[in-house]
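Below, each chain spelled out in residue letters.
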Amino acid sequence: MTFQYTAPGLDDLLLDVVTVIELSDHDREVAENRYRQLKQHLERPSSPLREFLLNNSSLIYPQGSMAIGATIISGIDEDRFDVDALIDMKVPGHWSDDDALDQLFVALQGFPGARKILRCTRCVQIQFAFMHMDVTILDPAAAPRPERIGEIFHSPDAGPSYRVPANPYGFGIWFRSTVVYPAQEYLDEVKARRRAYGIDRLTPLSLVEKAEQEKLPPVIPPRIDAQQVHALKLLKRYLNRRYEERRLRRPPSVYLTKKASTCGHEPNGLTSQLQRLAGAIKLDMDVAVLINNGPDERNPTYEPDRLNDRWPVTQGDRRMLADDMSHLIESLERARRAEFKDMVAIVADLFGERVTNRSVETFMKRMDRRSNRRTLHVERGTGAIIPATAVAAPAVAKSAVEVPRHNFHVEDDREDE
Amino acid sequence: MKGLGYHQRPRKLSAQVARMNAKWPHFAFDQPFGTTLVRWIGKLRGWQKEYLIAVLWDPTSADRPYVILLDPELRPRDGGKFEDIPHLMFDSKDPELSALCLFDPAGREWTNKLLIADTTIHWAAEWLAYYELWHFDGIWRGGGVGPESIAEARAAALHRATSKLP
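So the protein lines, in turn, are chains A and B. So in the numbering used here, spot 136 of the first sequence is number 136, and the numbers just go up one at a time. So in the numbering used here, spot 143 of the second sequence is number 143, and the numbers just go up one at a time.
Warning: the hint list may mix true and false statements.
[Said to hold, decoys possible] Using C-beta positions, here's what the derived DEER-type ranges look like:
#1 B:L70 / A:R306: 55 to 61 Å
#2 B:A18 / A:E245: 55 to 61 Å
#3 B:R77 / A:R306: 53 to 59 Å
#4 A:D323 / B:D78: 29 to 35 Å
#5 A:I329 / B:T60: 35 to 41 Å
#6 A:I329 / B:T36: 26 to 32 Å
[To be verified] Straight-line C-alpha distance at most 30 Å; calculated DSBU-like pairs for lysine-lysine:
#7 A:K398 / B:K81
#8 B:K43 / A:K365
#9 B:K43 / B:K23
#10 B:K81 / A:K365
Derived from the structure by calculation, the hints contain no laboratory data. Since the structure is predicted, the reported quantities are computational estimates derived from the model, not experimental observations. All C-beta atoms, glycine included, are put in the ideal place defined by N, C-alpha and C.
With the rest of the complex left out, here is chain A (with noise of 0.2 Å):
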């Protein structure tokens, strides 16, 4: 007998892992707020990047996971955000390749609520409570300039410095625009999800600092609520937990990014999507093994902008993220066939614990009979229940059947004695 390949029950308790791992209302608001107070902060009078800022050219504006709106906590055991701006800015022709980051890093003293101030090889990274910001700058080419390309610096503490051809902006732009994205009634239901179960983690803004805010255009780009986004975002918490123990390097996010896109859309539901991102990476790993090279992504939007120039750099890092894919396929494989509480333990092994249990505990919320009348429905020829049709994947709502109102009931053989 071969059952349809849906799992209505598993994507639905995996949204909840995606409303429980990603930032929410007030946490984007928070954020939104640093990347303001980043342009206030370096265009201060005693910047060393002041002058180079204060021209029309200059642009400061989120990139990685905040411009396509999949950023998720990075911490296991706490609740972490790591975030990138990019600062897209004309160099000074004499600074060398260590200059920009260097006069970066100074710059950046004294940033309101900044715990530690860390030089990274591309970045300089700004340690809040419970947020971390890798901040970079982007020297714009030469004119005529495709919109936003440019170079920024690789400067480590040992060895050579060099340039490295980018447009994150440019990647963000084709991301938001090759996604497949759902219909208004899915969009609505996430929406009502985060509301009622998010978790605020960053410190609330003043009062000050949020009528300053209203004032101004925002920031970040909205989220994207697409599956592909949300199987992302589910990849990436996953792979946190994975790599978190190894002192290997970890899979570049702009390249998952890529592949989640490029991997295509499921009609199947969210775990299927989740299955498919993991084979097409699997299936890179798997021949860049084979050839003992790769994988070599190029941005869309930019040929020489290479995602995977710092990785993978051995095989062993290509085989541990086949071996990590296949250990996620496999789960999954299981978890669609597992009664619910072996589902449950499924997910944790997979996602974390903690964030499980408040996932589970908003599904059950949800779930509720005896204080929420809500009318379930069936997957009809397989019978599975369906816990939101809104959220459904297509192949599952359209053959959605309402469950007619019932009570069960209790009856006993011995009142029969």
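Using the hints provided, position chain B relative to the given structure of chain A.
Coordinates of chain B only, in the frame set by chain A:
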């Protein structure tokens, strides 16, 4: 009842079989007992896990269809008793063969004018889903009327009986 196609007369067996074939094609129909009792056997999910279930029904009577879990069989929570399992038509002799108690007879939620494919099977799927949640943490979230389990019903009956004692 909302959404249900009530019929003027009891549904014929042929109508029930046709509807089951159309809506639940994975279920096999037979009449194996040499009586008027008929049976459908097939797989059904609550959440993700597949259960092999049997639906038993006598089309010549007004009695309800009975749904029994075949594989995996009905099982209590670890360390618990069959009597604790919520919403069963309890079979004291073979508790693992107890049928699922899917509706309130007093509420006339099922009559033989309705189609099993549109009622009983849906309710059984829902029962399976809540049964799995109950196995997870011991809480029945599916609602219902009256006591939740036979254990609860018998405790209440005992309490009523003893409270009448002088």
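Hints and how they fare:
1. B:L70 / A:R306: 55 to 61 Å: Cβ of B:L70 to Cβ of A:R306: about 57 Å, so the range 55 to 61 Å holds.
2. B:A18 / A:E245: 55 to 61 Å: holds, 59 Å
3. B:R77 / A:R306: 53 to 59 Å: holds, 55 Å
4. A:D323 / B:D78: 29 to 35 Å: holds, 33 Å
5. A:I329 / B:T60: 35 to 41 Å: violated, 51 Å
6. A:I329 / B:T36: 26 to 32 Å: Given about 49 Å between the Cβ atoms, the range is violated.
7. A:K398 / B:K81: violated, 40 Å
8. B:K43 / A:K365: Holds, because 28 Å separates the two Cα atoms, which is no more than 30 Å.
9. B:K43 / B:K23: Holds. B:K43 to B:K23 sits at ~13 Å (cutoff 30 Å).
10. B:K81 / A:K365: Within the cut-off at roughly 26 Å; holds.
Violated hints, listed in ascending order, are 5, 6 and 7; each of the other numbered hints is respected by the structure.
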